[in-house]
Every structure is written in C-alpha cells, then in structure tokens.
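Novice: Mind docking chain B on chain A? Use the hints.
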Amino acid sequence: MLKIIVLAKQVPDTRNVGPEAMTPEGTVNRAALPAVFNPEDLNALEQAIRLKEQNPGSTITMLTMGLPKAAEVLREGLYRGADKGILLTDRALGGADTLATSYTLAQAIKKVGEYDIILCGRQAIDGDTAQVGPQVAEKLGLTQITYTEEILECTKEKIVARRHIDGGVETVEAPLPIVVTVNGSAAPCRSRNVKRVMANKKAEFTTWGAADIDADPAQIGKAGSPTNVKAVKSIVFKAKESKSLTGSDEDINNLMKELIESNTIG
Amino acid sequence: MANSYTDIPEIKFHMEHPMMQRIVELKERNFEDKGKYDYAPEDFEDAMDSYDKVLEVVGDINANVIAPNAEDVDAEGPHCENGRVRYAAKTYENLDATRKAGLNGMTMPRRYEGLNLPVSVYTAANEIVSAGDAGFENIWSLQDCIETLYCFGNEEQRKKYIPRVCAGETMSMDLTEPDAGSDLQSVMLKATYDEKEDCWRLNGVKRFITNGDSDIHLVLARSEEGTRDGRGLSMFIYDKRNGGVNVRRIENKMGIHGSPTCELTYKNAKAELCGDRKLGLIKYVMSLMNGARLGIAAQSVGIEQAAYEEALAYAQDRKQFGKEIINFPAVYDMIATIKAKLDAGRSLLYQTARYVDIYKALEDIARERQLTPEERKELKQFSRLADAFTPLAKGMNSEFANQSSYDAIQVHGGSGFMLEYKCQRIYRDARITSIYEGTTQLQTVAAIRYVTNGTYTSVINDMIAEVKANPAVAAYSNYVARIEAMAQKLEECIDYVKAQENQDVLDFSARKLYEMTAYTIMSLLVLQDTMRNAELFTKSLVIFVNHAESEVARHQNYIHCMNAEVLENYKQ
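Read top to bottom, the protein sequences are chains A and B.
Going by the working numbering, the letters in the first sequence line up with residues 1 to 266, in that order.
Going by the working numbering, the letters in the second sequence line up with residues 1 to 572, in that order.
Below 20 Å or equal to it, Euclidean Cα-Cα: the simulated PhoX-like pairs (lysine-lysine) are:
{"no.": "1", "chain 1": "A", "residue 1": "Lys195", "chain 2": "B", "residue 2": "Lys53"}
{"no.": "2", "chain 1": "A", "residue 1": "Lys139", "chain 2": "A", "residue 2": "Lys111"}
{"no.": "3", "chain 1": "B", "residue 1": "Lys36", "chain 2": "A", "residue 2": "Lys201"}
{"no.": "4", "chain 1": "A", "residue 1": "Lys195", "chain 2": "B", "residue 2": "Lys34"}
{"no.": "5", "chain 1": "B", "residue 1": "Lys100", "chain 2": "A", "residue 2": "Lys195"}
{"no.": "6", "chain 1": "B", "residue 1": "Lys34", "chain 2": "A", "residue 2": "Lys202"}
{"no.": "7", "chain 1": "A", "residue 1": "Lys201", "chain 2": "B", "residue 2": "Lys100"}
{"no.": "8", "chain 1": "A", "residue 1": "Lys52", "chain 2": "B", "residue 2": "Lys100"}
{"no.": "9", "chain 1": "A", "residue 1": "Lys201", "chain 2": "B", "residue 2": "Lys53"}
{"no.": "10", "chain 1": "B", "residue 1": "Lys34", "chain 2": "A", "residue 2": "Lys201"}
{"no.": "11", "chain 1": "A", "residue 1": "Lys202", "chain 2": "B", "residue 2": "Lys36"}
{"no.": "12", "chain 1": "A", "residue 1": "Lys84", "chain 2": "A", "residue 2": "Lys195"}
{"no.": "13", "chain 1": "B", "residue 1": "Lys159", "chain 2": "B", "residue 2": "Lys270"}
{"no.": "14", "chain 1": "B", "residue 1": "Lys190", "chain 2": "B", "residue 2": "Lys270"}
{"no.": "15", "chain 1": "B", "residue 1": "Lys36", "chain 2": "A", "residue 2": "Lys195"}
{"no.": "16", "chain 1": "B", "residue 1": "Lys53", "chain 2": "A", "residue 2": "Lys202"}
In case anyone wonders, no lab produced these hints; they're calculated from the structure.
Values in this document were obtained by computation on a predicted structure and should not be read as measured data.
The shape of chain A in the complex, shown without the other chains (with noise of 0.2 Å):
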C-alpha cells in the first residue's frame, strides 16, 4: 500500500498555437490558448495508476496550484484513476516563479503528511524550466530520481526506475520516500474511465490558501519569486534564415560540404 502524491499543472496549450497567441504588446494571450493539463503530468499520473494496480489499497492524492478552474486539472486525475484532489488557490500564491511554487508545492505536501512516493512531470510546457520537481525534493529534503521513463518496482522501501539519459537509459535505484519526475516518453496516461467519469463529475475538492498550510509571506507568490521577466518576445523566422535549393548535383554537393564542415553530419 503505497500513499501517492501526483503534482499537476494546469497549462495554456502550446501545442497547439494559433496566430492569436500572442498580443500585440508581446505578451501571451492566455485567453487564446485552452487550458490543459500538463502533459508530462499526465504521464507521471499514469505510472502512478500503475503503482496504484501493482500494490491495491494504495491511494493517489494530485495536487495542484493555481486560479479555482485548476480544480479542472484534479477532476482529469480523478477520471483517469486518482482518489482525491487538492487545489491551492490564492491570489497571495499568484506570480510564483519555481521557487515560490516549490515553496508553497512543499508546504503542501508537508501538511498532507503521509507520503511514499511523488510523481510529477519533468516539465510543463509554459516554461520549460524542469526545476520545480527537483526543488520540491530538496525543499522536503528527499532522494530524487528525473527524466524517469519507467517505474519498474517499487516497494515500501525502495523503487527501481528506468531513466532516460542523454544517449540512452540507466536504471537506477533509491530508498522511499521519494521525488520522481517523469519525461513525456514514458508510457502515455491511460483514457478517462468512464464509471470513473460518472462517479466524479461532481466531485468536490480540498481547497487550500497560503495560510492552510503554514506559508511563509516572504516566501510565496511573486514576494517569493527573485525571477523577473523581463519582456517575451515573439519571434517569427524569416525566409531569409532559409535557403532554396535547385536540387542539381552541385547544390548537392555543395550543401553536403556545408553540412559535413559544420559538424551536422559526418
């Protein structure tokens, strides 16, 4: 019986950007873009069902941080096989950077208590920074395994995992508790399970401010966050950075010359 925290996102979907994205100042239009659940996460929740069916009795709790239509991403994770869902919301905790969000993310999960094991994506798909996993395990001061591909066992004391490195895999293995983030070339989450979907469509969800659970001021939201943006810029490739070629033997070979000299191939 394993007790699981899955740490979510709610993201604007960036995998499908039209021309709207971005206002005119250079800002993200997050109204054009639909709000989605993270998909690394996804995959991170999928190993966790995993563990869930390997070791019955276990319980998967997700947790998430951000405005209340969040709880969208929790209600997923019920549907796919979670047990329960905290949203923390509060606008103290809003303009966190990776370190007030694993900041407030610890807090969290230090007020849940028990834990063997939590799983989240390696990354989300708005910033790409992968920090927020990692710095959650230091925050909790726990043993950490990245860019995992595969849980192959895992016990009450110890999980042996497959990660994938640059090149290749190594497997690995560490002592419970543990943080584990997951890459999206694992095993893709599983669908919406629709008895699941019946029992939980009107599910509500454990909702936490910054003071539930013990957050130090100075620590959350943008008070908590030395990362400054300081401007986003849209940036539209020109034809010019592009060059046509006849498809005759000597631009061939000329672009192979090219290519072999700069290293790209040979």
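Specialist: What follows is chain B alone, placed relative to chain A:
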C-alpha cells in the same frame, strides 16, 4: 484533440431525442440506484449528462487509439497458434484501452457491475467504434451477447458471467456450422448430458465464428437426440477456462481483418445449459440475432460515416483542371448523397434503438413486478415496432454502407484503387455487413409480413399525422405532400402484389416493397429531424427526399411489370 463523438453533432442530436425521457425513466426506475452506486445518476439531466460523458470517452479512444491502429490491424490480421487466436498486435492495444476505460457490459445492470446504459447509447458507442475500425468493433461489440445470458440465464449464471464481461472478457456466439448457415435449423453440434459430472458436453464443429476464441461462448447445439429441426436445439454457455474448444483455422477474409473468424472443434467441452432445453433456436437465438442485427446496423452507419469523411477530405484536397474536385457536380453529387443516406440511415438506426430500449426496459421490469395494463400495452407496441424496424435498419444501412464505400472509392479515382488509401479498407470492411447476421434478402423475409399486414403502413400514417400536427410543418408542406405521395405508391403496390395471390410474385417483389417502405419511413424521419434542427439536416432532407422519391417510383414501375407469367422468365 480529435474526438469521434464531439466532432459529429448528428450523433449527439440523436442522443437528445424526446423519447429519451421515457427511456431514462424506465431504465433508471425512479433512480433507485442513486446512493447505492457512486456512478448512478440522480435525475434525468444527470443521466443524460453521464451518457454524453461516456460517449466522449468512446470518441476519444476511437479517434486517438482505435482509428489510428486500424490500418496496421488490417495489414497484420489475427494468427492461429496451437489452437488459439493471437490477435494483431494493435488489437491488444485497442482492447487494453477499451477495458481501462470501462467500456464493457455497457447495458448491464449495476448490480452485476455494468453501466446500465440504454441500448441507444450503446448503439452510438458501437457506431463510433465502427467508424474507426469495423473489424475491431466486431470483437468489442460482441459484449452484447451478454444480454441474452442476462435475459435467459439463471441468477447463478448471471452472477458468474456478467461481472466478467463487465471487466472486459470477450464473447462469441457460436451458431453457424459448415452445413448450417442461413438455415440454423440444421445445426448438428451435439450436446449430451454427462450424468457423472452433472454437466453438458459438446462435440462437433462450428464454422465462421466471429471472435471464436473468446472467453465466454454462447453455443447453439442439438440436445435432443434424433431430432432434425429447430425444436431439438438448446443454448449452452461454454467457459474457455474449462477448455475443450480449439481453433482449427482462421478464415482468410476480404475485410474486417481485425476480427478473427474461426473454425472451432469441440471435444467433450464442458458446458452449461442456458435457459430451457429446446428453446435454443426458437427463442434465444432469435433474441441474440435481433441484438446482433441492431449491432450490424450501427456498424454499417459507422462505416458510412468513415466513407463520408474519407470521400469529403479527399475531394476537398485533390485538385484537377485547376480546382478542388469537390467543386464538380459529378463529385459533389456522390458526396452529398452519401451524407444524405448517412443522416437518414442513422435516424432509422436510433429510432430502432429507442424502440428496443423501451420494450427491453419494460421486459426487465416485468422480471421484478407485474406490469400495469398500460405498461403491458406499451411493451407490446414497442416490441412490435422494434421487430418491424430492426430488419429495416440492418438491411438498409448495410446496403448504404456498401454503396457509400463504393462511391468513396469512386471519388478517389485511381488512388482509391491503391492499397495506401483508407477508403479501400472501408470498402472491404463494408462488404460483410449486408451478409452476416442475416443477408439483406433475409431481412426482407423478416420484414415482409409487416409490409403485408399493414404494420408499416400504420406507422407511416401515424408519423405523417405527427408531422402534420407539428407547429413547424408550414415550412415543410411540400415535403409532407411528396412523402404522402410515396406512401400512397407503397400502399398501391402492396395491394397490387397481394391481389395476384401468388407467393412467388410476393417473394420476388418483397425486396422492392421493403425498400419502398424503408425510403418512405426514412424520409419521414429526416423530415422530423429537420423540424428539430434545420441547420443540421435541411440539406439532407432535400437530397434524401429527391433520392427516395426516385427510388420509390423506380420500384413501383418494376412491381407493375411483374406477374406470374413474367416471373417465369427469371427462373434459372
């Protein structure tokens, strides 16, 4: 993300039909499961919302797992290894996805771990899966054999088998044999009672068994020694866990490659009697077949949808003579006709499913308590309607699936003949629909008595009266008049054929009378649908009534050329 349910508003339209109120009321019985099961609905709106959400899951799995796997499954097909079936690799992915989503035992009561969904909702799921892969739909939809076990098995058998099917175990119905295809009275598989073990034993061969290596089989076998007709046949349950049935070979088919069609050998296989002896064919297989026929109607509509999508997408993309071919009348004629038939056939499918829903729910209530006289009347009425509509829905939609997939290839031109394009698989998959679970010719046999005894005529008259009473009718008076004219032609033809008092002439004209009936009813259904949602169906109303009118006139001409003397020329 693509979703084969939410992307097709026509399916949802049928899920919101006014008859759903009564169906939910009967199916949920004052919402007595509320509080007992966390997934039971609280009220009508809650139930309807659940149906919608279930179909959204089906649409997701179909669009993102089943449909993308279809070409690989078709290319690989199943394998026969040491007397067992090994499905194509991606079939296992499909099964895993549908099982994890809990899409099994969909119509079974919650007390056996089912979803307690109406047949109409299950039919929609069936249609959706079939549009993705008609071969996989076969394996998955055989779950509805459990209806027969639920209706006729004893409580012990229900408790033993239904939860297993709800958990995703597969089923098959083992009926046909080398010498018993359309004529099931000739079934010879032998069932003998084993006194020592207190069980039945099955010996013999079955052939053309869809998903023949399933977990739980319903088997038609001869339990009464010395008999030769249907009265000597009983229904048995064979549990694969007991062993005794092996797959001798898998047929090499033209289409639905994902679905293994097996030849089975029974060697002293242990089996349980389901229901009473001697009622196997007469009662239970008839029930099984009616469910299966509705299933094939849904499969056919799914294929029509797939054919439409492929034809439309290709025609919008392909350029010839400087423009996309969709802009040529000869091409858009084909595509518009596919869509109109799809809308009409789908409407017929769901009307049938709703009739089945009402009578089945009432039949189920009758197992628990005595029905009121009104309920008994309702049961009789809807049971008759379901019996009359099922052969129309199966026969017409399977023919439409064939016609539409043929036209989808035609739209593709030479590319459609190449194996790279999806339309050729759809065309091959469609071919079986007008053959199995009773050929179109046998659907005609099942329907013709309702043609001659006035059942359809009275349904048509009721529908016309209903349409005329609709406040929106003024805008459609032209269509009402045209459909009334079709109905008159039909009646006139029925009288003409009957007046000849010649069975051969009647049998010969039956298919034409059957189609005239179906076209008239479908025209009325599309008209009713248009009155409910003009935006969605007006075009199909225009096109379908044009098409139906010309078909009815064609058949009328033919019937009038027919008499006993002329018929002699046809005899071979």
